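Residue numbers (my numbering), protein chains in the order written: chain G, 1 to 316; chain P, 1001 to 1412.
If you're looking for bench data, these hints aren't it; they were derived computationally from the structure. Small disclaimer: the values here were computed from a predicted structure and weren't measured. Treat the hints with care, as some may be off.
[To be verified] Pairwise CB distance ranges (calculated):
| # | chain 1 | residue 1 | chain 2 | residue 2 | range |
| --- | --- | --- | --- | --- | --- |
| 1 | P | Gly1386 | G | Ile293 | 40 to 46 Å |
| 2 | P | Lys1141 | G | Val154 | 54 to 60 Å |
| 3 | G | Leu73 | P | Glu1092 | 54 to 60 Å |
| 4 | P | Pro1307 | G | Met58 | 19 to 25 Å |
| 5 | G | Phe2 | P | Gly1169 | 23 to 29 Å |
| 6 | P | Lys1171 | G | Phe305 | 31 to 37 Å |
| 7 | P | Gly1169 | G | Phe134 | 47 to 53 Å |
| 8 | G | Met58 | P | Glu1346 | 54 to 60 Å |
| 9 | G | Thr132 | P | Thr1300 | 58 to 64 Å |
Note that CB positions come from ideal geometry on N, CA and C, so glycine has one too.
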Amino acid sequence: MFELIFFSLLNGIVTGLLLFMLASGLTLIFSMMGVLNFAHASFYMLGAYLAYTISIYMGFWVGLIVAPILVGLIGAVVERYGLRYVHRWGHVAELIFTFGLAFLIEEVVQFIWGKDTKAYLEPEVLQFPLFTFFGQNFPAYKAFMLLISIAIFVMLLLILTKSRVGLIIQAAIHKPNMTAMLGHNVPLVFMGVFGVGCALAGVAGVIAGPALGTFPGMAVVLGSIVFVIVVIGGLGSLTGAFVASLIIGLLQTFAIALDYSVNDLLTALNISFDADSALRDLWSLSLPQVAPILPYLLLVLVLIFRPTGLFGNRET
Amino acid sequence: MKSIILASAVVSAISAFSAQAADTIKIAFIDPLSGPFAATGTNGLREFEFAADTLVNAKGGVLGGQQFVIVPFDNKISPKESLVQLKRAIGEGIQYIAQGNSSGVANALTDAIKKHNKRNPDKPVLFLNYSAVDPALTNAKCNFWHFRFDANADIKMNALTDVIAQEDGIKKIYLIGQDYSFGKAVAAAAVKFLGEKRPDIEIVGNELHPIGKVKDFTPYATKIRASGADAVITGNWGADMVGLGKAIGDTGLDVPIYTYYAAKNGITKTIGASGKNKIRLVHEGNDNPPLNEEITAYYTGFKAKYPDMDITQYRIANTVGMLADAMEKAGSSDPVAVAKALEGMEFKTLNGDILTMRAEDHQAIQPIRISVHTDENVTFDADNSGFGLVTESTVTAADSALPSTCKMDRPS
């Protein structure tokens, strides 16, 4: 049991931090521009595929640096020549634009790379178990994912809170008009943030590709969960996104690890139902089976009890 | 004068078109061509086209020169979307429907086709199920219009458990699968056959996970490891198999994994060395060693045309070949006559196996093989990776056959 809890904790943190890398970019974009970028997970996929191609010719490490930059540039171009143009028709048009973009990117990826799973693998220096505990390995690559995610969180936090760029970004998030009046080029800041947000998704893709598989459906699998994190964490709050990512990562991992059902709970409470009651299917559902819907349940609860999100300080 | 010439030109154009239309027999291919399972679907489509071209069209077609045409329809693996595509196919006058990926889809299609044929007896449709292996399709839910060319999940599990039963070292087994009809059928069959053949084996886990929605299989692998299992049985396919195989490898769990679909479409390459001699797969085909020149030529021909793909399902060649034979035998392309010709028909596959389409439930009875994932003695590798499947044991057609509970109504 202790083995299960220990590894679930580790796995949950790894998943959570990976989700954070995706969510951090999205929350920046969402809070600044008010655009829920539906194509965010597609940039994540793009990062994985670009890094896969680069890694064939120049190795994993070059991919780790170059692929996110490429994704960031693509993101910046999308903002400059797509979103900014569409913006004049309001938020709905922007939303639909990013929605369409997600489909477009998926088709382009399938067109260029094909539909099968790509053998994008971890770099060989990291292909060893970091430690073995109760006979179970913890791959070094997972530890590497963990470190990169934490480094990015610390770096983002420092930039946003300590640097001048961060000051302007923070200002543009909360009072865009005032920031523009003070002579800052807000559209340029928007473009930069969108690009950096996409690049962050790209990094997540580069390091998640080898661990979670590189296939055309990888964006769809992660797409909706990132929005849940951004909303639970609260608009404009990086810390919120960080905490929400960890909560969701741990929630899902532990839900899978613990084989309890509603029935067990009822038995523990000394409540029993007729074995052929119509609701039998409902209360025999086990925790692993409902694991995928738990984040959405949490989302509903947060929206009911704390509409601004856990750390949000601004109404949408 | 001019108008007469024009009119005759139009008439001849129309008659030429209808003559051409009469020269073809269309087969609708309804399977995922986008989404997480697109790779599996697309590979199947290419195999169908290749089989139709080389086994039928290149040899002069059927019924005095009619050519097979495969018409693709993307169902996005959704049963609902499949019914829309089925309507489209029927609307285009297509009377042969091929589908295989997902028993959930096959269950929806077989119901819809049965209903359609009841309402439109003059324009019936035949369902060629080349891969959906939910046993119910040839048992409780069987009907005259459905033919299955793959061995069903029970038959495959019967063969798989025969092999497991001989492994004395296995005391604890973990079952994991996708949460839908097929995954449940695999788990039920495993519990049943293991209980009969090796009652001493403890089933330490019987888990179903959402299909195509799991981001990371590591939590499942952790659970399998913690359960102390000596072996894993899974029916996972597509991206779900890659994820599970990788996660199990990452935790350092060194136990055999008995599977249905853990090869090709990128899976073999991704699993690579980490699954060597560990992954065993049950299937109706045979990759290595190649059994004769005919299958070698077919394989090489396919590889020459599609260097990035593999023959993933030999049964597709059987489906196309048997359909052509049945049409010749019936002397017509009318689905009812063809279905009657298919019943009880014997067919020699490219591998040299004898396949019988059992009349009572329309289940193909054929030899079943268990292969191991390895890079030794591999003539035809998968995913151009150097790794491939080498046959370890074969269960004969007679031994693989299981009784059916099918009660079929036949058109008079």
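Results of checking the hints against the structure:
Judged by the Cβ atoms, the range 40 to 46 Å given for glycine 1386 of chain P and isoleucine 293 of chain G holds: they are separated by roughly 42 Å. As the Cβ distance of lysine 1141 of chain P to valine 154 of chain G is approximately 58 Å, the hint placing it in 54 to 60 Å holds. Hint check: leucine 73 of chain G to glutamate 1092 of chain P, Cβ distance near 45 Å, so the stated range 54 to 60 Å is violated. The hinted range of 19 to 25 Å is satisfied by proline 1307 of chain P and methionine 58 of chain G, whose Cβ atoms lie roughly 24 Å apart.
Distance hint for phenylalanine 2 of chain G and glycine 1169 of chain P: a CB-CB separation of about 27 Å, consistent with the stated range 23 to 29 Å. A hinted range of 31 to 37 Å for the beta carbons of lysine 1171 of chain P and phenylalanine 305 of chain G is inconsistent with their spacing of about 49 Å. Distance hint for glycine 1169 of chain P and phenylalanine 134 of chain G: a CB-CB separation of about 21 Å, inconsistent with the stated range 47 to 53 Å. In this structure the supplied range 54 to 60 Å holds for methionine 58 of chain G paired with glutamate 1346 of chain P, their Cβ-Cβ distance being about 56 Å.
Here the CB-CB span from threonine 132 of chain G to threonine 1300 of chain P is close to 45 Å, at odds with the stated 58 to 64 Å.
Checked against the numbered hints listed earlier, the structure breaks hints 3, 6, 7 and 9; every other hint is satisfied.
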